[in-house]
Amino acid sequence: MRSASPGPVIPWWRDRRLIPWLVQGALAVVLLVVVAFLVGNLVRNLTAAGLLLSWQWLGQPAGFDVAEPLLPFDAGMPYWRGLLTGLVNTLRVVLLGLVGATLLGTLAGSAAFSSNALLRALARGYVELIRNIPLLLQLLFWYFVVFLALPNGAQAIQLPGLVLAKSGLYLGRAALADGVWQLQSGLRITVEFAALLTGLVVFSGAFIAEVVRGGIAAVPAGQWEAARSLGLAPAQTMGRIVLPQALRVIVPGLNNQYISLAKSSSLAVACGYTDLYSVAETTLNQTGRAVEVVLILLGSYLVIDLLISAVMNGVNRLVQLQER
Amino acid sequence: MTGSPLMIEARAVEKWYPNGFHALRGADLTVHQGEVVVIMGPSGSGKSTFIRTFNALEDFQKGSITVDGIALSNDVRHIDAIRREVGMVFQQFNLFPHLTVLENLTLAPVLVRKRPKAEVERQALELLERVGIHEQARKYPGQLSGGQQQRVAIARSLCMEPRIMLFDEPTSALDPELVHEVLEVMQELAEGGMTMVVVTHEVRFARQVASRVVLMAEGQVVEQAPPEQFFTNPQHERSRQFLRQIG
Amino acid sequence: MVPIPQPDSAWRRVRRQLFASRLDGLITVVLLVLLLSAALGIGHWALSQAQWAVIQVNSTLFTLGRYPLEQQWRLWLLTALLAGASGLSWGLLRAEPRAGVNARPWPRNDRIAVLLLLALALLLPAALQLTALIHLRWLALAVLLVLARWAAGRWGPLRGRWRPLVGLLWPVLYLLGMVLIGGGLGLSPVPPGEWGGLLLTLLSASFAMLLCFPLGVLLALGRRSALPLLRWGSVLYIEFIRGAPLITLLFLGQNILGFLLPGGLAPDRVWRAAWVLTFFSAAYVAEAVRAGLVALPPGQLEAARSLGLAMPQALVHVVIPQALRVALPAMVGQFIILLQDTTLLSLIGLLDLLGIARTVMANPAFLGRNAEVYLVLALLFWCCCAALGLGSRALETRLNTSHTPAKA
Chain A
1 MRSASPGPVI PWWRDRRLIP WLVQGALAVV LLVVVAFLVG NLVRNLTAAG LLLSWQWLGQ
61 PAGFDVAEPL LPFDAGMPYW RGLLTGLVNT LRVVLLGLVG ATLLGTLAGS AAFSSNALLR
121 ALARGYVELI RNIPLLLQLL FWYFVVFLAL PNGAQAIQLP GLVLAKSGLY LGRAALADGV
181 WQLQSGLRIT VEFAALLTGL VVFSGAFIAE VVRGGIAAVP AGQWEAARSL GLAPAQTMGR
241 IVLPQALRVI VPGLNNQYIS LAKSSSLAVA CGYTDLYSVA ETTLNQTGRA VEVVLILLGS
301 YLVIDLLISA VMNGVNRLVQ LQER
Chain B
1 MTGSPLMIEA RAVEKWYPNG FHALRGADLT VHQGEVVVIM GPSGSGKSTF IRTFNALEDF
61 QKGSITVDGI ALSNDVRHID AIRREVGMVF QQFNLFPHLT VLENLTLAPV LVRKRPKAEV
121 ERQALELLER VGIHEQARKY PGQLSGGQQQ RVAIARSLCM EPRIMLFDEP TSALDPELVH
181 EVLEVMQELA EGGMTMVVVT HEVRFARQVA SRVVLMAEGQ VVEQAPPEQF FTNPQHERSR
241 QFLRQIG
Chain C
1 MVPIPQPDSA WRRVRRQLFA SRLDGLITVV LLVLLLSAAL GIGHWALSQA QWAVIQVNST
61 LFTLGRYPLE QQWRLWLLTA LLAGASGLSW GLLRAEPRAG VNARPWPRND RIAVLLLLAL
121 ALLLPAALQL TALIHLRWLA LAVLLVLARW AAGRWGPLRG RWRPLVGLLW PVLYLLGMVL
181 IGGGLGLSPV PPGEWGGLLL TLLSASFAML LCFPLGVLLA LGRRSALPLL RWGSVLYIEF
241 IRGAPLITLL FLGQNILGFL LPGGLAPDRV WRAAWVLTFF SAAYVAEAVR AGLVALPPGQ
301 LEAARSLGLA MPQALVHVVI PQALRVALPA MVGQFIILLQ DTTLLSLIGL LDLLGIARTV
361 MANPAFLGRN AEVYLVLALL FWCCCAALGL GSRALETRLN TSHTPAKA
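Residue numbers (the numbering used here), protein chains in the order written: chain A, 1 to 324; chain B, 1 to 247; chain C, 1 to 408.
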């Protein structure tokens with residue numbers, strides 16, 4: 001803005017054009033001073049401790065074992081391989097957790113619209129129960145109270161194609177030999193992994209159920225009526241008519257819950273499952289390389305978050321496209 | 001009117017929006033004390049943008065605006081001074097929904113003019129009585145009708161004791177049956193000698209109350225004349241065209 | 001023939017809700033059988049198999065951790081002050097006249113709350129088999145709360161000029177509580193390392209809640225600011241925090257904070273964790289508040305500015321109060337998560353409620369008593385979180401009076 005009459009010169013601290021820059025300049029100076037102070041201390045303290053930033057140690061042998069590695073790993077392998085093994089273990093539980101939580105959440109979220117009052121109440125109760133109890137407590141409960149309490153040997157719970165024992169969950173065929181279960185064909189899951197997965201699925205399922213419920217509630221009532229007047233069964237109405245439309249609202253909400261689940265998987269240490277965080281903790285204890293370990297941790301979870309977001313954005317685009 | 005002091009003087013005001021739209025293309029206007037200027041014009045002609053520059057809600061790139069003797073510049077002290085002297089009434093009322101009607105009125109005088117609260121409250125209740133809603137003083141805006149809300153908005157501006165009042169389409173968001181109650185308040189205000197600039201489509205209000213009608217088109221003032229002359233014998237082709245459209 | 005609509009009898013309602021079709025009936029029966037057997041199983045376990053001694057014997061440990069015995073009178077005093085202040089605030093809140101709603105001295109909800117409170121004060125110490133003296137103390141505290149509630153409701157409205165002091169009551173009490181807990185001002189110091197159990201959980205959660213709130217509001221304003229440096233700085237901070245699991249940030253706080261500050265300046269391990277919780281929650285609160293800011297019509301700021309309010313005045317009196325109303329449910333949701341997140345302190349070796357529980361269960365005398373302990377903790381957290389949620393909904397309807405249309 002300009003005044004036609006030249007008038008008195010505006011003092012700079014009262015000039016509307018300059019004030020934003022003055023504020024930002026002051027902020028930048030404060031930030032710079034704080035950052036310089038912190039980094040200066042960091043460098044000084046790390047130098048004093050002989051721990052200046054370096055990545056050489058990643059190549060040294062780790063000297064610890066990782067329980068149930070998906071990647072082959074032994075104590076002679078270097079640290080980076082150990083961390084990678086931990087990351088793969090994290091990815092395994094996150095991927096399975098995503099699938100399980102989505103299934104459970106969709107079921108519970110749809111059940112909130114059932115014609116059966118008991119089922120509706122049960123779905124509501126599930127969500128209210130789970131959301132108000134800390135995840136860590138739930139994980140400990142699943143591990144110590146449920147899975148570690150499984151009987152061993154001949155007392156193990158035997159179902160067709162499934163044996164539940166303290167020594168593990170055997171999917172497929174397993175036989176008892178000398179009081180110990182031996183897998184013949186199929187899959188063995190440790191109780192640690194099973195407890196973590198169950199805990200994550202049940203916890204995230206409750207939050208996803210709320211997302212799904214919100215999405216379904218956003219579908220206009222006329223759609224239900226139209227489907228019913230065409231003679232579709234309730235399950236068909238939900239699966240064919242309502243859910244596909246609700247996805248537009250559900251998918252963005254799912255993204256948040258998926259990221260949340262990925263981050264929550266870092267509590268694996270509570271169930272004795274070896275994930276990225278627990279390997280990182282061991283690595284820190286052995287090397288003292290706090291800064292590098294934290295950087296690796298933060299970077300890894302950031303990449304996982306971004307991956308989930310990228311995939312979900314793609315899904316979202318697909319879902320929104322179907323509208324046209 | 002040339003005898004009374006100049007309250008608003010806008011000269012060759014030009015404004016571009018950040019997206020490049022050229023909203024004001026050399027708009028001129030002078031308003032003297034006690035005048036009621038009604039600005040009319042087709043939508044998109046820059047009427048609202050123009051009066052919003054008078055209290056610096058919009059900035060402009062070229063030209064000059066002087067309000068009550070203060071040149072509108074980039075000096076924040078001048079901007080604050082002008083805003084204290086200029087009241088504004090919006091199309092969407094913009095009452096503060098979390099405050100009661102009375103608190104809406106007293107907020108600015110107490111905070112900006114640093115006046116004692118009890119005194120401001122007394123004045124606010126008087127103003128509410130003047131606009132005919134004093135028994136609603138303890139209610140929240142959401143509990144009032146649109147016409148009542150707009151009258152509260154006028155009272156809120158008046159509580160700052162402005163020397164000029166700007167009205168930006170004050171009745172456009174109202175149900176037709178509520179329009180007159182707001183216009184009545186505005187007419188009383190005009191008869192009391194308030195300097196007013198009103199953007200509106202209300203022809204009857206313009207005919208009865210305005211001292212001058214201004215027609216804007218494409219970011220410029222095309223014609224200004226006393227209402228009788230403007231509505232019966234417009235000089236400019238754009239004015240005739242506009243009157244045909246609304247007629 | 002159109003059937004004549006008949007009054008909905010209880011039986012008819014049950015039929016429609018539970019046995020509308022053959023499938024519905026089957027589902028109902030199966031669910032009922034499952035629920036009943038689960039309830040029976042849990043009931044049987046709780047009454048005959050569970051050994052609740054682990055809770056009864058360690059109740060002090062669970063509530064206070066290793067807080068020195070001879071200093072525990074300070075905490076009793078603090079609890080009494082808190083009970084009095086709660087009663088006072090409760091009564092004044094009820095006595096406050098509201099637009100359109102007649103203030104009644106004892107609405108139904110309040111009567112239920114008082115009954116619950118007294119029942120709890122009577123039954124809980126009995127269930128925990130506390131000594132008669134402690135039993136009496138809890139009862140006295142409950143009575144104090146109710147009396148303060150009654151007195152405030154009775155005389156509160158008359159003392160108009162005392163009203164502003166009530167707003168100051170809680171901050172003053174908080175600071176006083178810090179002194180009582182930690183020592184100073186002539187009280188012998190109790191270092192944070194000796195705070196534990198419920199005390200540590202509540203302390204770290206309330207500390208983080210109080211401080212993350214202003215921080216979150218500032219970050220939200222920064223993210224909505226027109227100034228690029230402010231905006232990008234806030235975005236960077238918020239997204240960095242939201243991208244990281246809390247445990248890694250606690251890990252960072254424990255292991256790197258010491259390097260970032262000059263020697264000796266780094267706070268105690270407990271305070272480090274509390275600060276990390278604060279900075280962590282601030283990012284989420286900021287997102288909640290941002291949603292409130294987005295929902296605000298731009299005309300509000302314009303109206304405030306055209307009335308002559310300076311930018312800070314407009315923010316404090318017009319923008320922020322309205323944004324907070326919209327953000328309230330999401331913010332309380334975040335506070336609930338924050339309370340739950342304090343359990344992560346046990347993973348970095350601090351003795352919060354869960355940390356204490358794990359040390360108790362490591363005691364050979366109580367080995368294998370996991371189910372009892374975890375169940376009690378779950379119940380405790382569930383009640384606290386559900387209460388927060390209920391309170392938030394009540395506050396929401398209370399604040400919402402401004403938007404209800406006129407009744408008369």
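Source of the hints: derived by calculation from the structure; they are not laboratory data.
It should be emphasised that the depicted structure is a prediction, and the values quoted were computed from it without experimental measurement.
Please note that a few of the clues may not be correct.
[To be verified] What follows is a set of in silico ranges between Cβ atoms, one per label pair, in the way DEER data are often shown: (1) 21(A) / 235(C): 16 to 26 Å; (2) 44(B) / 165(C): 54 to 64 Å; (3) 239(C) / 52(A): 23 to 33 Å.
All C-beta atoms, glycine included, are put in the ideal place defined by N, C-alpha and C.
key: Distance restraint evaluation - residue 21(A), residue 235(C), Cβ atoms, bounds 16 to 26 Å   = holds, 20 Å
task = Mind checking the hinted window 54 to 64 Å against the Cβ distance between residue 44(B) and residue 165(C)?
result = Holds, since residue 44(B) and residue 165(C) (Cβ atoms, about 56 Å apart) stay within the stated range.
key: Status of the given 23 to 33 Å range, CB of residue 52(A) versus CB of residue 239(C)   = The hint (23 to 33 Å, Cβ to Cβ) holds, given that residue 239(C) and residue 52(A) are roughly 29 Å apart.
In terms of the numbered hints stated before, the structure departs from none.
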